[in-house]
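Protein chains in written order, with our numbering: chain A, 1360 to 1717; chain B, 548 to 698; chain C, 230 to 370.
Quick caveat, the hints were computed from the structure, so don't treat them as lab data.
A quick note: this is a predicted structure, and the numbers were derived from the prediction, not measured.
Incorrect hints may have been included.
Short, incomplete list of chain C residues facing chain A, as computed with Cβ under 10 angstroms [stated by the list, open to error]:
id, residue
1, Arg231
2, Ala247
3, Lys250
4, Gly253
5, Arg255
6, Thr258
7, Cys261
8, Leu279
9, Leu281
10, Leu306
11, Asn309
12, Phe319
13, Ser320
14, Val324
15, Leu330
Ideal Cβ positions, reconstructed from N, Cα and C, are used throughout, including at glycine.
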Amino acid sequence: MLKTVIPFGPQHPVLPEPLHLQLTVEDEVITEAIPALGFVHRGLEMLAHIRDFHQVTQVVERVCGICSMIHAMCYCQGIEAIMGIEVPPRATFLRTIWSELHRMHSHLLWLGLFADSFGFESLFMQLWKIREKVLDLNEATTGNRIIVSVNLIGGVRRDLAPEQISWILAELAEVEQDINRLGSTLLTDYTVKKRTVGKGVITKDKAFELGLAGPTLRASGVCQDMRMLGYAAFDELDFEPVVETEGDCHARSKVRFREVRQSIDLIRQALSRIAQSEIRTKVKGRPQGETVCRVEQPRGELFYYIKADGTKNLERLRIRTPTFANIPALLSILPGMWLSDVPVAVLSIDPCISCTER
Amino acid sequence: MFKKLIQKARVKSPWLLHYDCSSCNGCDIEVLACLTPVYDIERFGIINVGNPMHADILLVTGTVNYRSRKVLLNLFNQMPDPKLVVAIGTCALSGGIFREAYNVIGGVDKVIAVDVYVTGCPAKPEAIIDGVTLGLNRFTQRKEGKKAHAR
Amino acid sequence: MRDEVISVSPDNLVGAVAKLKVEGYRFVTLSCMQGDVNTVVILYHFDKDLVLKHLRVRVPADGPLPSITAVYFAAFLVENEIQDLFGLRFSGLAVDYERTLYLDGGEVKVTPFCKYTVAKIQGDEAKSLPASADRHSTGGS
């Protein structure tokens, strides 16, 4: 049988982002997949050498527009660790709340795109309708829908008023109701299962060996969630990572679906236990030293390595995003798949290319 | 008379092609949000298509880097005339926060001619819809025979 | 850093990494940075039960450094990235993009993170370089 190389992307109807894959197919079955990157590479880590270390907070927010708040949080926590800044307790709770709101909107976005990838357009529309409610929460509490810019080194920019808290709780109840209504379709529907169950299986050992991160890793039965580190206010909340064991596309969507509900629960806990204090501390001096900071992004473990030499510019800022770790998974699951299953498999790792390339 | 009909049909049902040059995804998901129930750009007859040869309007988000420049030009050249280019977000306008990075050329207008600029970081769905409808007015005003061009 | 950092020589690197794999560590990533004029420092990060362990390797700026893709296949992307951005060479890479992962020939002609190399090229052949190279070399160093 003749081998054919089919390019997938960079502009593809399923992907909003320019991921390019070179798929070698034999008949309709894929034998090899090689990713080609570079369409979104901007050289963002370099900007840390040019900009003031306070300004870099705004730069790292633009690593990825979907989980921007979590990027900034990770950066700020890293700098705070180097400089020994104690963040006021209320600020840590606020960071937790906003990061969980981001996780919710990112997971809903992904669930929608995933539904779209197997041609279930009405489910896509329904999920994105729910997502708009979460974005409304973002907009009302921070002033922007997606890139919220609430983090500062030493705290957060905005506070929540008591009436906002009760409003958030009411909205969350609505969101939860809507999600539960769609849950049965997403997880048990015959057509959905037909397209996802048993597709792209990654075993536990394989997942660990490939160094995967986040929901992709947890869907294969590895219990690893950076929130277990207890950064921000997560050490004061009751929290159990979501783990599934099948390791296929269906398990990955189950993990993310359950994490949306978990996030609602975490926000409720945080809102009920939120401390009364200042929301930021004054920052004096310049950072010197090196540190590693890790937080859990919607897509998995986000890793920042920061090295500062006591000047206003950082010496090195290294960002390892979860999709960067998850791309090897694609290379491992695509061979042997049908060409028509490629969109489902590619989306199942939740690729965020602008994160990957920076 | 036939020309008039085509002209009218084009304005009432323009098809979109969206390309993410090297955006941070913020504007991309706002473009997608336009298609979903709350904003529902389809009420203007607008459909998002994947094939550049079907498209009338090119939505570009993000700064242009050296590699995506070729793809952008490719897509633009494949689109049939008359076509409209809408640049979305601060990055697509000028390079935004990334303009000093080494792999960034700058705004979209350094590569292709842009008809409508939508500001914001990220641009809000309302602004994007406004930008597209503003562009549709350009369609009606544009004289016969005048073609968009690549730079 | 609070975590354990072990200094390793380039020759012992693959062995040390293989030992960590046997001990059940998960590969996280590499961080590369400029040491001094002629050297590059690479940190190898590994994780086990949420505790990090780092290997620190100091190598000459032009390499070559043995690739660890035979042990952890997942390292191929980040090693290619370092080839692109620092000009370092890895030998025995499982998938080698030949320095075209992010930057093709004819685009950005210098390795962007190498401040010293950039300065050198600027002095010798600044005229033959595209405008973008001048711009970031002034910003980067």
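Evaluated hints:
| no. | hint | verdict |
| --- | --- | --- |
| 1 | Arg231 | 8 angstroms, holds |
| 2 | Ala247 | 13 angstroms, violated |
| 3 | Lys250 | 8 angstroms, holds |
| 4 | Gly253 | 8 angstroms, holds |
| 5 | Arg255 | 5 angstroms, holds |
| 6 | Thr258 | 4 angstroms, holds |
| 7 | Cys261 | 8 angstroms, holds |
| 8 | Leu279 | 6 angstroms, holds |
| 9 | Leu281 | 6 angstroms, holds |
| 10 | Leu306 | 6 angstroms, holds |
| 11 | Asn309 | 9 angstroms, holds |
| 12 | Phe319 | 16 angstroms, violated |
| 13 | Ser320 | 20 angstroms, violated |
| 14 | Val324 | 7 angstroms, holds |
| 15 | Leu330 | 6 angstroms, holds |
Consistency note: the structure conflicts with the earlier hints numbered 2, 12, 13.
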